[in-house]
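Chemist: Given next are the chains, with one letter for each unit.
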Amino acid sequence: MMRILAFCCERGPGEAIDLAGEKRMRYPADLTLIQVPCAGRVDVAHLLKAFREGADAVVLVGCLEGNCHHIYGNIEGRKKVDRAKQILDEVGLGGQRLEMFHVASNQPFRIAELAAEMASRVERLGPNPLAVKE
Amino acid sequence: MNRVAIIGGGVAGLSAAISLERRGVPSIIVEREEALGGLCGELGCKGVERCVRCDVCLARDMVAQARSSPLIERLGRAELRSVSGQPGDFRLAIRVGGQGHRLVRAAVIVCATGGEPFDAHLDKRLGYDELADVVTSLDLERQLSAEGRFLVPSTSAPPKKVAFILCVGSRDERFNTSYCSKACCKYSFKLAQGLRAIDPGCAITIFFMDWRLYDPRENVRAWASGDSGVRLVRSRPAEVLLGEDSRPEVRFASEKDAIVEVEAFDAVVLSVGLRPARSAAELARTLQVETDAHGFLRSPKGEPCASTRPGVFLAGTCRGPKEIVECVKDGAEAASKAIAFMGGVG
Amino acid sequence: MSDGGIGVFICSWGSGKDPKLDMDGLLSFASGIEGVALVKMIDRICSKPGQKEMIAAIKGSGTDRFVVVACSARTKRKLYRHIATSSGLHPLAFEVASVREQAAFVHEGPEAQRKAETLVRMAVEKVRLWVEPPFEEEMPALRNVAVLGDGLMAMAVANEIMAQGLTVDLVMSGGSPKGSPPYIFSNQDEMDRALRSMAEASSDPRMTTIKNASVLDFQGPPGDFGLVLDVAGEMVPLRCGAVVLAPEPRMELRTIDGSPAPSAQELIARGLRRIVILPSGASSGIGCSCMTPRGTLYALSLVDAAPGIEVSLMGREARAMDWMEGLQRLAQEKGIRFFRIDGEPKVEGHAPTVITWRDPLLGDMRLQADLLLLDTVLTPEVQSLAKAFDVPVDEKGELLSIDSRLRPGETVRKGVFAARFRVGNMLYEDMALEAGSVAARALEMLSMGTLEVGGAVAEVDQEKCSACLGCLRVCPYSAPMIGQAGKAEVRMELCQGCGACVALCPSRAIDIYCFSDSQIVAQSRAALGKVR
Numbered sequence: 000m001m002r003i004l005a006f007c008c009e010r011g012p013g014e015a016i017d018l019a020g021e022k023r024m025r026y027p028a029d030l031t032l033i034q035v036p037c038a039g040r041v042d043v044a045h046l047l048k049a050f051r052e053g054a055d056a057v058v059l060v061g062c063l064e065g066n067c068h069h070i071y072g073n074i075e076g077r078k079k080v081d082r083a084k085q086i087l088d089e090v091g092l093g094g095q096r097l098e099m100f101h102v103a104s105n106q107p108f109r110i111a112e113l114a115a116e117m118a119s120r121v122e123r124l125g126p127n128p129l130a131v132k133e
Numbered sequence: 000m001n002r003v004a005i006i007g008g009g010v011a012g013l014s015a016a017i018s019l020e021r022r023g024v025p026s027i028i029v030e031r032e033e034a035l036g037g038l039c040g041e042l043g044c045k046g047v048e049r050c051v052r053c054d055v056c057l058a059r060d061m062v063a064q065a066r067s068s069p070l071i072e073r074l075g076r077a078e079l080r081s082v083s084g085q086p087g088d089f090r091l092a093i094r095v096g097g098q099g100h101r102l103v104r105a106a107v108i109v110c111a112t113g114g115e116p117f118d119a120h121l122d123k124r125l126g127y128d129e130l131a132d133v134v135t136s137l138d139l140e141r142q143l144s145a146e147g148r149f150l151v152p153s154t155s156a157p158p159k160k161v162a163f164i165l166c167v168g169s170r171d172e173r174f175n176t177s178y179c180s181k182a183c184c185k186y187s188f189k190l191a192q193g194l195r196a197i198d199p200g201c202a203i204t205i206f207f208m209d210w211r212l213y214d215p216r217e218n219v220r221a222w223a224s225g226d227s228g229v230r231l232v233r234s235r236p237a238e239v240l241l242g243e244d245s246r247p248e249v250r251f252a253s254e255k256d257a258i259v260e261v262e263a264f265d266a267v268v269l270s271v272g273l274r275p276a277r278s279a280a281e282l283a284r285t286l287q288v289e290t291d292a293h294g295f296l297r298s299p300k301g302e303p304c305a306s307t308r309p310g311v312f313l314a315g316t317c318r319g320p321k322e323i324v325e326c327v328k329d330g331a332e333a334a335s336k337a338i339a340f341m342g343g344v345g
Numbered sequence: 000m001s002d003g004g005i006g007v008f009i010c011s012w013g014s015g016k017d018p019k020l021d022m023d024g025l026l027s028f029a030s031g032i033e034g035v036a037l038v039k040m041i042d043r044i045c046s047k048p049g050q051k052e053m054i055a056a057i058k059g060s061g062t063d064r065f066v067v068v069a070c071s072a073r074t075k076r077k078l079y080r081h082i083a084t085s086s087g088l089h090p091l092a093f094e095v096a097s098v099r100e101q102a103a104f105v106h107e108g109p110e111a112q113r114k115a116e117t118l119v120r121m122a123v124e125k126v127r128l129w130v131e132p133p134f135e136e137e138m139p140a141l142r143n144v145a146v147l148g149d150g151l152m153a154m155a156v157a158n159e160i161m162a163q164g165l166t167v168d169l170v171m172s173g174g175s176p177k178g179s180p181p182y183i184f185s186n187q188d189e190m191d192r193a194l195r196s197m198a199e200a201s202s203d204p205r206m207t208t209i210k211n212a213s214v215l216d217f218q219g220p221p222g223d224f225g226l227v228l229d230v231a232g233e234m235v236p237l238r239c240g241a242v243v244l245a246p247e248p249r250m251e252l253r254t255i256d257g258s259p260a261p262s263a264q265e266l267i268a269r270g271l272r273r274i275v276i277l278p279s280g281a282s283s284g285i286g287c288s289c290m291t292p293r294g295t296l297y298a299l300s301l302v303d304a305a306p307g308i309e310v311s312l313m314g315r316e317a318r319a320m321d322w323m324e325g326l327q328r329l330a331q332e333k334g335i336r337f338f339r340i341d342g343e344p345k346v347e348g349h350a351p352t353v354i355t356w357r358d359p360l361l362g363d364m365r366l367q368a369d370l371l372l373l374d375t376v377l378t379p380e381v382q383s384l385a386k387a388f389d390v391p392v393d394e395k396g397e398l399l400s401i402d403s404r405l406r407p408g409e410t411v412r413k414g415v416f417a418a419r420f421r422v423g424n425m426l427y428e429d430m431a432l433e434a435g436s437v438a439a440r441a442l443e444m445l446s447m448g449t450l451e452v453g454g455a456v457a458e459v460d461q462e463k464c465s466a467c468l469g470c471l472r473v474c475p476y477s478a479p480m481i482g483q484a485g486k487a488e489v490r491m492e493l494c495q496g497c498g499a500c501v502a503l504c505p506s507r508a509i510d511i512y513c514f515s516d517s518q519i520v521a522q523s524r525a526a527l528g529k530v531r
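Residue numbers (numbering that gives the first Met the number 0), protein chains in the order written: chain A, 0 to 133; chain B, 0 to 345; chain C, 0 to 531.
Quick caveat, the hints were computed from the structure, so don't treat them as lab data.
Cβ coordinates follow ideal geometry from the N, Cα and C atoms, glycine included.
It cannot be assumed that every hint is accurate.
Unchecked claim - In the DSS-like style, the derived pairs of lysine-lysine whose C-alpha atoms are separated by at most 25 Å in a straight line are:
(1) K77/C - K47/C
(2) K47/C - K58/C
(3) K255/B - K160/B
(4) K77/C - K51/C
(5) K39/C - K51/C
(6) K84/A - K48/A
(7) K78/A - K48/A
(8) K345/C - K255/B
(9) K123/B - K160/B
(10) K48/A - K529/C
(11) K22/A - K345/C
(12) K39/C - K58/C
(13) K78/A - K463/C
(14) K529/C - K84/A
(15) K486/C - K463/C
(16) K48/A - K463/C
(17) K58/C - K77/C
(18) K19/C - K39/C
(19) K77/C - K39/C
(20) K386/C - K210/C
(21) K77/C - K22/A
Said to hold, decoys possible - With the C-beta cut set under 8 Å, the calculated list includes, among others, these residues of chain C facing chain B:
(22) K77
(23) A438
(24) M447
(25) T449
As the list claims (entries may be wrong) - FRET-style restraints, in silico, Cβ to Cβ:
(26) R76/C - A292/B: 40 to 48 Å
(27) G34/C - H100/B: 49 to 57 Å
(28) Q142/B - L296/C: 38 to 46 Å
(29) K255/B - R76/C: 56 to 64 Å
Please model the complete structure; the sequences and the hints are all you need to start from.
Modeler: Right, here's the structure in full:
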């Protein structure tokens, strides 16, 4: 089983997650969701630590650009993702394992879409080499 | 007794309930369907990575807020049968779940029953009946809401060329809908932006009469001139016919020359207007309020959200077509009027 | 971190009907987690008996925090807060494992069960590290609103506020407005009523009017703002619970040299017969290039008073909303002409002025005018308001009010609301609706008499802070400030808990309650199966 960790803003994406549940939309159990008050809450360290703890892929899910309740928290989050991607490339883990997605509260189908996207990347790149070592 | 009965759990009704709740006033929402959300519950987000400010999620967020509030009681599958009593002490007879009954007492009634989209079947010239690839804006919204994309009905493939026809069932003497439906310019603009974001390879042509966007920050012309995949044509198409290659063809008077043009598209979207709900006349009788010349519940001039009866207030498209944000404002204003009628809070 | 142990409450309905989770299995799973002192299955937590049972269980044990294993937190958060406070705990001393929406409804069989266990584990690990925020308290909210604006909109807002029993300080920048209000009245009756209510408001003892005032200073927490006004050279203090900004454009039909549009009699007297009305263009950002109802009404008044006069209107769109639609048709029947033009026409000469343009269907067009009138918009001055109240201004020069997420009328400054004039909503009743709904926002904030502050807010460890000002710059709410000690402090009454400052701080000096760094890391580890 893959390990895909998603940090999700509790507003847009959080509502989309609930809606996906209400509508019984299936998505892989490999995807585990952590809710944060805003995508801007997430630090580069949180993203990298997740890989150190064995995540095969990590996503940051924020609201659509221009629709962040805290104005530009999602932009702040994106900056952290970009920085973390650089570091992941440098250390050889692959920046492709990390991605930022934008999901609106009424786009529950996007949860399954992003899970599928990351799952196919993990299949291509292989499991997290740090996890295998343990 | 300071409870407010809100008939209708769409965006306007929810807005009223939430505004009341924030001021400590309890309410009960009487909603015909199982779930809250109204017409906006069927609409989809039109953004991909960027928000295009279509406001649909605003309505969605209100459902969650209303459901989490202890001051807002919700009756689903509930229909208003009759109203007795008087302003300050109304008794509403409600039919619940198709068979049960409930009597609800409320000091004030806020009617937020909404409107209905124009039935595109009525405009025979636009081919909604016969042509599979002529859809309404609502059909498009539903697909976007469910899947985040739009496929041509007959081919199940993404379209490369889409036409929007505005003012379907609005500003049209033939169907007794001579008014402007206010919201269609905005939602059509947003739908077009959405389709362009989903597939930059899909070219869009919008047939319009006048642009009536109420927010000055919304500039359709700037958008169109900056996007080579978008074409604005000021012309009201006469017909949509089946072309030889089985694609819909739009027949319209050219704005460039004094000729009639015919152009084929993969799909044609009819931007339908809003009309009063079928039950509006009966509802007006039940609530003892007046309707206007078009059949919407009437607010006296200069008094938004009032009805012609004290103690009964109106919010949302039941009193005339509006954009989503206007419905939200209506709800807040109806709440204020309700509170003022009840003599202030607490 | 927790002395009394963690309580875990499993809602028997949390499994959802199809597919079912093994809730008993979750119960024994939870019991096996270190630090969990109490595990209990409750039949329908959201029911009254369920709540009672849960409250009794918490009180009876020594637990000071709990996890609810049930459906989504979104709709039940207030309920759980109520349970927490009724049990003598802090209202935020809980976490929720949404096993219904995030496991039962979206996964199959054993996978759903495994995910549910993971969610329970994550919630326990998070609540284990929960630290009680120093406060979540109520601050007093003054029942007085400062309304800033010179026109009808400000008056309408003031009226709405007074109707709900609060008092108003109406602050006007001038002595009285120039030009006419930009609204269209549907009939004389409506206009009379509007003017009457303005007059009544002016003499209402609940309202104080301050003229010729500008804002020198604006301070204080929402609910208790302190303004200092410059009133004709004198400094006047003002306290209020909320501020409503209602800057309003004025509109005028003017001649090219700036004088007001003449009446029908004047036109006849001066022998001016052919009148052309042009829009002033989109330069103001609020004005537009449309043929407006104002122009149509003026044209009708001319034609009714003096049938020999010819009026033409030119513009890109014909804006005629609601009942105005019929008015335009009426105008056309009376011989008033509407020309749709894209772009600017060429205007040359004087007495007569010649206007030329190209129509795509009719070819080259030429119109002669004895008098040219411009439908002008006098934009209100918002820059000084924006600066005084720290409200950003958008690209069109309007006070930024984000409609999509914030409630219409709100700005990013808590307690500062903005009523917006929209060119499409020129009908008086549209203005009344805008005024009413913005007033409602202010009333929602103030009518309860107190404001909740604190809770899941950020806090600076002053020892670690290097005063880099990063948090000040990133915060959309201006919550951080540099305090007496030269270090950053977060004003909890302004903090909205987004955490952007926490993520940004290079010294790791800021953390946030209820979503702390250690909590997030603990949840990640639990999610990845790294906790024994």
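Chemist: Work down the list of hints and note, for each, if the structure agrees.
Modeler: Now the hints, each set against the structure:
1. K77/C - K47/C: Holds, because 14 Å separates the two Cα atoms, which is no more than 25 Å.
2. K47/C - K58/C: Distance ~17 Å between K47/C and K58/C Cα, so the pair holds.
3. K255/B - K160/B: At roughly 21 Å apart (the allowed maximum being 25 Å), K160/B and K255/B satisfy the hint.
4. K77/C - K51/C: Given that 25 Å is the threshold and the Cα spacing comes to 15 Å, the pair holds.
5. K39/C - K51/C: holds (13 Å)
6. K84/A - K48/A: At roughly 13 Å apart (the allowed maximum being 25 Å), K48/A and K84/A satisfy the hint.
7. K78/A - K48/A: Holds - the C-alpha atoms of K48/A and K78/A are around 17 Å apart, at most 25 Å.
8. K345/C - K255/B: holds (20 Å)
9. K123/B - K160/B: holds (23 Å)
10. K48/A - K529/C: With a Cα-Cα distance of about 12 Å, the restraint between K48/A and K529/C holds, given a limit of 25 Å.
11. K22/A - K345/C: Violated. K22/A to K345/C sits at ~59 Å, over the 25 Å cutoff.
12. K39/C - K58/C: It holds: about 13 Å lies between the C-alpha atoms, which stays within 25 Å.
13. K78/A - K463/C: holds (24 Å)
14. K529/C - K84/A: Roughly 23 Å separates the two Cα atoms, so the pair holds.
15. K486/C - K463/C: Since the Cα atoms of K486/C and K463/C sit roughly 9 Å apart, the hinted pair holds (cutoff 25 Å).
16. K48/A - K463/C: It holds: about 22 Å lies between the C-alpha atoms, which stays within 25 Å.
17. K58/C - K77/C: Between K58/C and K77/C the Cα gap is close to 19 Å, so the pair holds against 25 Å.
18. K19/C - K39/C: Measuring from Cα to Cα gives roughly 19 Å; hence the hint holds.
19. K77/C - K39/C: Holds, at roughly 21 Å.
20. K386/C - K210/C: holds (20 Å)
21. K77/C - K22/A: Holds, at roughly 24 Å.
22. K77: holds (5 Å)
23. A438: With Cβ-Cβ at 7 Å, under 8 Å, it holds.
24. M447: holds (6 Å)
25. T449: violated (11 Å)
26. R76/C - A292/B: 40 to 48 Å: The hint (40 to 48 Å, Cβ to Cβ) holds, given that R76/C and A292/B are roughly 46 Å apart.
27. G34/C - H100/B: 49 to 57 Å: holds (51 Å)
28. Q142/B - L296/C: 38 to 46 Å: Holds - the Cβ-Cβ distance for Q142/B and L296/C, about 43 Å, lies within 38 to 46 Å.
29. K255/B - R76/C: 56 to 64 Å: Because 58 Å falls inside the window, the suggested range holds.
The structure is inconsistent with the numbered hints 11, 25, although it conforms to all the rest.
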